[in-house]
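Trainee: Here is how the chains run, residue by residue.
2 protein chains.
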Amino acid sequence: MRVVLLGSGNVATHLAQAFIAADMQVVQVWSYTLENANALAEKVGAAALADLDLIDRDADLYVISVKDDAIASVAGQLKGLDGLVVHTSGATDLAILQDIVHSGVLYPLQTFSKTQALDFSKVPLCLESADDGDYLKLDNIAKQLSTAVFKISSAERKVLHVAAVFVCNFPNYLYQVGQELVAEHDLSFDLLRPLILETALKVQHANPAAVQTGPAVRGDEKTMQRHMGLLTNHPVWQDIYESVSKNIKNTHI
Amino acid sequence: MRVVLLGSGNVATHLAQAFIAADMQVVQVWSYTLENANALAEKVGAAALADLDLIDRDADLYVISVKDDAIASVAGQLKGLDGLVVHTSGATDLAILQDIVHSGVLYPLQTFSKTQALDFSKVPLCLESADDGDYLKLDNIAKQLSTAVFKISSAERKVLHVAAVFVCNFPNYLYQVGQELVAEHDLSFDLLRPLILETALKVQHANPAAVQTGPAVRGDEKTMQRHMGLLTNHPVWQDIYESVSKNIKNTHI
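Those protein sequence lines, which keep their order, are chains S and V. Take any residue in the first sequence, count from 1 to its spot, add 4: that is its number in this note's numbering. Take any residue in the second sequence, count from 1 to its spot, add 4: that is its number in this note's numbering.
Capping the alpha-carbon separation at 30 Å, the derived lysine-lysine pairs in DSSO-like fashion look like this:
| hint | chain 1 | residue 1 | chain 2 | residue 2 |
| --- | --- | --- | --- | --- |
| 1 | V | Lys47 | V | Lys147 |
| 2 | V | Lys250 | S | Lys118 |
| 3 | V | Lys71 | S | Lys226 |
| 4 | V | Lys226 | S | Lys71 |
| 5 | S | Lys118 | V | Lys126 |
Think of the hints as simulated: they come from the structure by calculation, not from any bench. If you're wondering where the values come from, they're calculated on a predicted model, not measured in any experiment.
Whenever a hint applies, use it, and build me the whole structure from the sequences.
Mentor: Set out below in structure tokens:
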């Protein structure tokens, strides 16, 4: 299995390492800037390039892992290839690859940082293809990378993308509020870190609604009023406190 | 070290097991109902009681771990003891124990469920006492239970209690929104669980603001508009999406 990676960001970096771990060969890494291509290519023993004309046209798999806005222009230069061409975007329709002979989507539903190691074998991979043969090929590849492979349509993938914002980006913002709150009083964020981790661990087997705790779900108005009082210097955080507490109460009536 | 536990809820249950693990003796478990006292007492080889008059008056440590509203009435019956009396509440002032000879606070900053096992040695324990000798005694006990022991005043503890709502109760509500969103489309919550865990793992060593991802921090208005469109049937979730996204943008300018 010979793979060409188009992109050198967080997703491309983790995917490249997953391909290598599955004994596949990453032959080329392309990026707009040769420096970025080089950084990733060196890690996985691939050739680096910044010119799409130099792309290996005999690879089995081409993975487009660039910013959503750039997928169409990269795909435009991959027409006529025999290999399977996939993008990795959660928010982009499969149809963006309609001029490609063999196309699909390989969306890893996870938050990636280049510097943070991660067990790729547990990353949910969301697959789509309009062609049964191409889907089978993609499914076979994906199952060598992860044990969590799902067939997901473009419409479903968009829902997952919004849901990911709610369970990842927004909680991270709330972690930030907590961090700033304790920092204001010269307290260490280490006081909150175990709680953050345990909250995420709890829902690995339970449903969130079943393990909700805190003053809002208890209907403990006295504590909520005291908390609002402590936030008087932060009207923005008061707004969040009030609206989320109200929602928690409403869903648990 | 002989300990009497007043309460049999989630916190009392985990504390009891931590005392046993540290080779301390839990001699009695009191609860309003004998049945609840029994359930916990049996686990740790203690006597169960529902009558505060029967309490062992020669123990070294009395831990009041009842609902905030009930602390005062329980404390009222513990006057004149020689042992150290502590409560475990995040939202309650030390002064509620002012009529006790030796008093303090032992607040474990964590979310506990009776059924979920947990490594107590990593739970942040927030200690307070008005008396240096009592503090030293409490500090010595706490360090046998956990490696994360902090000296925290009543005012600081109240800040931590609000912060805990932001980093635990509110993220859990957002997990619920994610779960309901995918359930509406017959998708499994397992698709989101690894993302939830990784988001919490990322801030165990980094600061949340430094690892924020998603459309809001990128200023990706097109994606945010699409997401808002997908949420039209859920005005409450749209409100959250809009306000939290705005806050993320504002804090990253």
